[in-house]
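This note's numbering numbers the first residue of the sequence shown as -2 and each following residue consecutively.
Be aware that a few hints might be false.
Unchecked claim - Calculated lysine-lysine pairs in the BS3-like style (CA-CA distance at most 30 Å, straight line): (1) K123 <-> K50; (2) K62 <-> K83; (3) K210 <-> K62; (4) K256 <-> K105.
In case anyone wonders, no lab produced these hints; they're calculated from the structure. The structure presented is a predicted model; accordingly, all values stated were derived computationally and were not measured.
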Amino acid sequence: MSQIPSLDIRRFETDRTAFVTELGAAYREWGFCGISGHGIAPALIDGAYEAFKAFFALPEETKRKYHVPGSGGARGYTPFGIETAKDSKYADLKEFYHVGRELPAGSKYADVMSPNLWPEEVPQFKRYAYELYEALDALGSRVLSALALHIDLPGDFFLDKTNFGNSILRPIHYPPITADNIPNVRAGAHEDINFITLLVGASAAGLEVKSQKGDWVPFTSEADTIVVNIGDMLQRLSNHVYPSTTHRVVNPPGEAARKPRYSTPFFLHPNPDYLIETLPGCISAANPDRYPTPITSHEYLMERLREIKLV
């Protein structure tokens, strides 16, 4: 494959065997794939982005009401210049908001999954953000089902491992870049932490994916395509059969840098107590087990949050 493919997920129902084969090949090669035909209404996506833009347009002191110091940004607002890609000298050029799963009363995960914070200044934020959260959670489950089939697991393998996942919807605002020759980029080269990430509607180009040859490949999808990539937890679980690919968001050239950029990834996580232990079917003589010591999803998450300076 010379470029990152996009596939219509409706074929999972109509042409399952071929779709699973093509999807698996895309992820083995790139760790990324565009997913079209997902059925998430444009009105929901557009409404969510309008609500997110309204929040980021609020005064700094108002936004900071929703910042929870010491929480690792698990819920609510994280101000500009805090998150820093692993091994990077400079913080990313972004601010963001975290929306998590609404847990049922008495959930055993309440000690590690905090209640959501909803900005009262933007009343439509809650409705659109959580509707989008649930839509992307459902789409992610379909993608995981296809990925399970590709490595000879049951199609429902991931269902009871992600049904209470500590998944996060992250509206991001990259403000206009007003200075020339700044040393940092909008989002430094990194890999995601979770199982898979679903990126809905980036308002400008800038996403670049590092190929297996070491080249940076721009990936700007069509308007209705959601970009889905593998995270480190699934890479670890699959013993690198599904690679977590390095990617970044670069600063655009010229006048385009003077415009803000908005994007909304959904980070699909397993349940906090899920033990990430290498799948036996992904171990072979040619691919020995890289991770003989298992780790829970929550322990792994906390390790990684410390690396990127969120905790």
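For each hint, the structure was consulted:
Among the hinted pairs, K123 with K50 is consistent with the structure: their alpha-carbon atoms are about 13 Å apart, no more than 30 Å. Between K62 and K83 the CA atoms are separated by roughly 28 Å; this keeps the pair inside 30 Å, and the hint holds. Under the criterion of a C-alpha separation no larger than 30 Å, the hint pairing K210 with K62 is inconsistent with the structure, at around 45 Å. Our distance criterion of 30 Å between C-alpha atoms is broken by K256 and K105, whose separation comes to about 44 Å.
The structure is inconsistent with the numbered hints 3, 4, although it conforms to all the rest.
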